[in-house]
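J.: For reference, the chains in residue letters:
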Amino acid sequence: MSDRLILGIESSCDETGFGIVRLGPDGSLELLADEVASSVEEHARFGGVVPEVASRAHLEALVPTMRRALDTAKVELSDIHSIAVTAGPGLAGALLVGVSAAKAYAAALGKPLYGVNHLAGHVAADTLQHGPLPQRCLALLVSGGHSQLLLVEGGLANSITEIGSTVDDAAGEAYDKVARLLDLPYPGGPPIDKLAKTGNGCAIAFPRGLTGPRDAKYDFSFSGLKTSVARWVERAERAGEEIPLADVAASFQEAVADVLTAKAIRAAKDLDVGTLVISGGVAANSRLSGLAAERCAEAGIELRVPRPRLCTDNGAMIAALGAHLVAAGAKPSSMDISTNPGLPVGTVQIF
Amino acid sequence: MLVLAVDTATPAVTAGVVELAPDSPPRLLAKRVTLNAKAHGELLTPHITDSLAEAGRTFADLDAIVVGAGPGPFTGLRVGLATAAALGQALNRPVYPVATTDAIAKDAASGHPLLVATDARRREVYWAAYDAAGRRTDGPHVERPQDLAGKLPALGVHQATGEGAEIYAEVLGLELLEAKHPSPEGLVAAAAAEVLAKARPAALTPLYLRRPDAVEPTGRKRVTRA
Ligand SMILES: [Zn+2]
Numbered sequence: 001m002s003d004r005l006i007l008g009i010e011s012s013c014d015e016t017g018f019g020i021v022r023l024g025p026d027g028s029l030e031l032l033a034d035e036v037a038s039s040v041e042e043h044a045r046f047g048g049v050v051p052e053v054a055s056r057a058h059l060e061a062l063v064p065t066m067r068r069a070l071d072t073a074k075v076e077l078s079d080i081h082s083i084a085v086t087a088g089p090g091l092a093g094a095l096l097v098g099v100s101a102a103k104a105y106a107a108a109l110g111k112p113l114y115g116v117n118h119l120a121g122h123v124a125a126d127t128l129q130h131g132p133l134p135q136r137c138l139a140l141l142v143s144g145g146h147s148q149l150l151l152v153e154g155g156l157a158n159s160i161t162e163i164g165s166t167v168d169d170a171a172g173e174a175y176d177k178v179a180r181l182l183d184l185p186y187p188g189g190p191p192i193d194k195l196a197k198t199g200n201g202c203a204i205a206f207p208r209g210l211t212g213p214r215d216a217k218y219d220f221s222f223s224g225l226k227t228s229v230a231r232w233v234e235r236a237e238r239a240g241e242e243i244p245l246a247d248v249a250a251s252f253q254e255a256v257a258d259v260l261t262a263k264a265i266r267a268a269k270d271l272d273v274g275t276l277v278i279s280g281g282v283a284a285n286s287r288l289s290g291l292a293a294e295r296c297a298e299a300g301i302e303l304r305v306p307r308p309r310l311c312t313d314n315g316a317m318i319a320a321l322g323a324h325l326v327a328a329g330a331k332p333s334s335m336d337i338s339t340n341p342g343l344p345v346g347t348v349q350i351f
Numbered sequence: 001m002l003v004l005a006v007d008t009a010t011p012a013v014t015a016g017v018v019e020l021a022p023d024s025p026p027r028l029l030a031k032r033v034t035l036n037a038k039a040h041g042e043l044l045t046p047h048i049t050d051s052l053a054e055a056g057r058t059f060a061d062l063d064a065i066v067v068g069a070g071p072g073p074f075t076g077l078r079v080g081l082a083t084a085a086a087l088g089q090a091l092n093r094p095v096y097p098v099a100t101t102d103a104i105a106k107d108a109a110s111g112h113p114l115l116v117a118t119d120a121r122r123r124e125v126y127w128a129a130y131d132a133a134g135r136r137t138d139g140p141h142v143e144r145p146q147d148l149a150g151k152l153p154a155l156g157v158h159q160a161t162g163e164g165a166e167i168y169a170e171v172l173g174l175e176l177l178e179a180k181h182p183s184p185e186g187l188v189a190a191a192a193a194e195v196l197a198k199a200r201p202a203a204l205t206p207l208y209l210r211r212p213d214a215v216e217p218t219g220r221k222r223v224t225r226a
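Respectively, the protein sequence lines represent chains A and B.
So the first sequence is residues 1 to 351, counted in UniProt numbering.
So the second sequence is residues 1 to 226, counted in UniProt numbering.
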């Protein structure tokens, strides 16, 4: 069998992504294009993603972003073998734009459509950089929208089980809220990371959520941490102290990275899994990846973190997941599939 | 010319294949219309392929695409536009946006001044006014029916059509014509001159008429930078 080109379309949040991946006869993946149009700046003054603003931006970005992807890959639409699109989870109106377009492309070109799971896409992104996943691996997904610990067995097309998730805020959400508190711009991840580098992560002992002996072993909670940072800052202000912003940022970041990595390593040991993949926007955080590297090395676990560009939402990861499904001989989705804003991670594809 | 018409600006999921020739009204070859305000995303593409199949044509036979650009409630409205935009790109065919109210006015074709009002939800209507020749003279706007009623004398319309006109018939007090949702022929008729002239299509900009619901956070707790 010859090479097959898989188009991936992503529109679950505030990034409109079109990616093109070449699936080789041996199952190898080669990334040919990864074009993203982001509406993040339009959301900045609201301090979070405004769904209607994101949906409007997706519609505007569709055709030009697709064109850029084709130009970058130096292919034509007629060269595409299959089309994969994020069907969920995500923002309802935003998902609908991508899925509507994907159906139209597939119908007009007479190509199979694969409606896929965004979270599985984040894990698939890593295979673009580091090759096939081992038979069993653990994936830690951390971003503004998700915080999950997943067990992937027998490849992405086969079985993904959620073994833990956040019970309140996503990790990235906590970053955004703390950033606002410290008068830092949205999204909060990069500015906190930068500020934290000049501070002392041990300066303030912020709480580690859900780490008590009776707490859920693999679940996360970041809401209490955020509140605790707010209280600490308020108290210092009332006392007329100068706020040590860098220390606050570093100590907050230390608490997030500590809990995420400790729980991931514990799960890997408990489940006897030798590989940890960290993906999602927060994977680019320097303390998280640094601490994960340290702790994985100690525990003898292989750590895989895709480059930042592949960690954030994009079409390439959806194309990669589509390629895994095509390679595994998955049946295409039907043309009347619905979007599913709450699609559970165990459902890799909608039929 | 063979034209595909789609519209998702009303609760109807509308697709149809229409033959368009100079000097004669658009002729419908096949259509699929489902009334379900929550199924635009599921049904539109299947409706398109089913219409083409029934008409005995393929995507490659299409010369142009006409899409209703609203006004309409946000989420459903974008399905038609995203679908049409992607089809146009995939097939390399022009996509002509038309105001959905224009298509409904073509369908009603009463020969008298006409108000077209569709349901904007939130107790409002999207409306546009047309003269006896079917030319749009005002709108489209989004407004409360009570406020629109006060403008009717100045608009000089005595007849109304569209689902909004039906729901608020008592408030508006106009003679009601039967044309609730845009038909494929009406959509193509609204763009006929441009399609036949192979004109450069306008940008596919939805007629939202409302701003997104979003408020900037106020009263933030902020620390003073040291
Ligand atoms: Zn994501």
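No wet-lab data here; the hints were simulated from the structure.
Errors might be hidden in some of the hints.
Unchecked claim - Simulated pairs of lysine-lysine, DSSO-like, Cα-Cα distance not exceeding 30 angstroms:
hint, chain 1, residue 1, chain 2, residue 2
1, B, Lys151, A, Lys111
2, B, Lys180, A, Lys111
3, A, Lys217, A, Lys269
4, A, Lys331, B, Lys38
5, B, Lys151, B, Lys31
6, A, Lys331, B, Lys31
7, A, Lys197, B, Lys198
As the list claims (entries may be wrong) - Under 10 angstroms between C-beta atoms, here's a sample of chain B residues computed to sit facing chain A:
hint, residue
8, Gly41
9, Phe74
10, Leu91
11, His158
12, Gln159
Stated by the list, open to error - If we take Cβ atoms under 8 angstroms as the criterion, some of the chain A residues that face chain B in the derived model are:
hint, residue
13, Val50
14, Val75
15, Leu96
16, Glu162
17, Ile163
18, Val167
Built from N, CA and C at the ideal position, the CB exists for glycine as well.
J.: Give me the numbers of the hints this structure contradicts, sorted from smallest to largest.
T.: Per hint list: 1, 2, 5, 7, 11, 12, 14, 16, 17, 18 violated.
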